[in-house]
Amino acid sequence: MIDVQNLTKQYAGRTAVDGIRFQVEPGEIVGFLGPNGAGKTTTMRILSGFMPATSGKAMVAGFDVFRHSLEVRRAVGYMPEMAPLYVDMKVKEYLRFRAELKGMGGHSMRRRVGEVMELCGLTDVRRRLIDNLSKGFRQRVALADALVHDPKLLILDEPTNGLDPVQIRQVRELLRELRTRHTVLLSTHILHEVEVTCDRVIMLNHGRILADDSPRNLASRLNTSTVVRVEVETKDEKAPLKLEGIQGVRKCTEEAVEGGAWRHFMLRVEPGFDVREAVQALATAEAWRVRELHRELPNLEDVFVELASSAEVMKGGRLS
Amino acid sequence: MRGFWVMLKKELRMFFVSPVAYVVLALVMVLNGFAFRAALSILESAPSEGSIVTWTFQPQWFWLSYFFVFPLLTMRTFAEERRLGTFETLFTAPVRAWQVVAGKFVATLIIYALLWAPSFFNFRVAHWISAGQVEIPAGTMGGSYIILLAMGMFNLAMGIFASSLTRNQIVAAILSFTLSLCHFLLGVFVMVIGRKLSDSVVDVVAYFASAEHIRIFTSGLIDTRPLIYYSSLTLLFLSFTLQVVEFRRWKP
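Chains as they are written, first to last, in this note's numbering: chain A, 271 to 590; chain B, 211 to 462.
So that you can see chain A by itself, here it is in the shape it has in the complex:
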């Protein structure tokens, strides 16, 4: 659906996107993840035909985004950041205008506008002025606009920006419903967001791709120490030492916990080890009662910080 090769975008004196390449297959939900200024919006604007790249090639639905801009725009539903709308139009009026602008007309257009309003939960506010709508509703109007011509590809720039947790969940559920009919490329700087919604994450920083993989693979690929939490009932003073004796445990710290004999330990584990079974075996041997045994997997936030900082180191190394 999307094929990007060596895409570069330079503004006066600044490189926003620096030779990125990636593919998106039909039916995927792919998340762009990165801090502000990483090049997410720029890449999306290029893909939606709003502006050209400085160099490199981008194909969307089989069309070159620069040479066949109109065909690309027909195939793409784009929702810009901050959901810009005509504030002195009514919801239904706006969506009809957008549908007509995108080449629809007559009865099928009216029916489709009704459908997307239903899908995005706008039916009750269809006669309201957009100016009087809350941020959440405006975001949904923009999403309905992106959907109205039933595009093959949806490009959503920060679709959950500024929404409350309930609305974020609604958008997330909506995206999951849409996946059967559309390919989705969305951007966010909320890590949890992509973890829950996306099949694949493309991490961007300073206009370069840091990683391109599924959230689960990214987390497990991460080469950092993991943490195992253990809560046992014992009066053994040597318990921390015994736990530290397990192969792979780097350090054991005891955390204060209320409730008499129950004690809580936090084990830092070398990369590549899973010590849970050994802990269980030790507890059985020592006749400790176990109430918690849990391994914390690194989340995307850790992955991102790790990758971003290692990229900085590489960059620094090259400079010196």
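Careful: at least some of the hints might be erroneous.
If the Cβ cut is set under 7 Å, some of the chain A residues that face chain B in the computed set are [claimed, not checked]:
| # | residue |
| --- | --- |
| 1 | Arg344 |
| 2 | Ala345 |
| 3 | Tyr356 |
No lab work stands behind these hints, which were simulated from the structure alone. Please read these numbers as outputs of a predicted model, since none were measured by experiment. Backbone N, C-alpha and C fix where the C-beta goes; we use that ideal spot for every residue, glycine too.
Since the structure of chain A is provided, determine the placement of chain B on it from the hints.
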């Protein structure tokens, strides 16, 4: 072409939803009324060469409304899209830039033409009330409305160009006003100096002297030179606007 019609429809609709339409219409009607009354008193006091139409479109009342109309009609066109951010949604929809520019231009031109409709009724009513004593010669009527339309096209194109340069409507309005006024004053100013210089200079200046064009056309003389002048300038400013709107698509 579909994009053009959709844009035209939207622009017209949005204009009549906003209060700007009615403020402008009221302003033009008031000033037109003054101009019309002033023309009547001229005709009352002494026998005159010109008709009521000639005198209505020449006094300062007319020029007052003339300069205010264009900024008010055009300041929203592109500045508003930029301010709201809808510039981005507009140009990621499958429409060509020229369709957007042409749609906005034709919409403002239609509204502008509607502004002069009441003045037409003024003349008809005066003719009817006075039982034909107030003459409205077909030539002066035709000439007046043709030159008003031609000048309107040019000034609206200039206003839309000004609006495409900024995201601030006020800046767009001031720029549009300044451009229109400069063009007008250039005609008047050089005309005054020109009399002291030579006839050939006056001939050249006559090409862009709006006041002179109005005088010629309202007396029933339809000259093609000003019409070509205003049409070509209209196209020039519309193509400038197109370039500004398409600027982001230029390869750096």
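Taking the hints in turn, this is what the structure says about them:
1. For A:Arg344, the shortest C-beta to C-beta distance to chain B is roughly 5 Å, which falls under 7 Å, so the interface hint holds.
2. This hint is violated: A:Ala345 has a C-beta 9 Å from the nearest C-beta of chain B, more than the 7 Å allowed.
3. Contact between A:Tyr356 and chain B, as hinted, is supported at the beta carbon level, the nearest pair being about 6 Å apart and thus within 7 Å.
In this structure, the one hint that does not hold is number 2.
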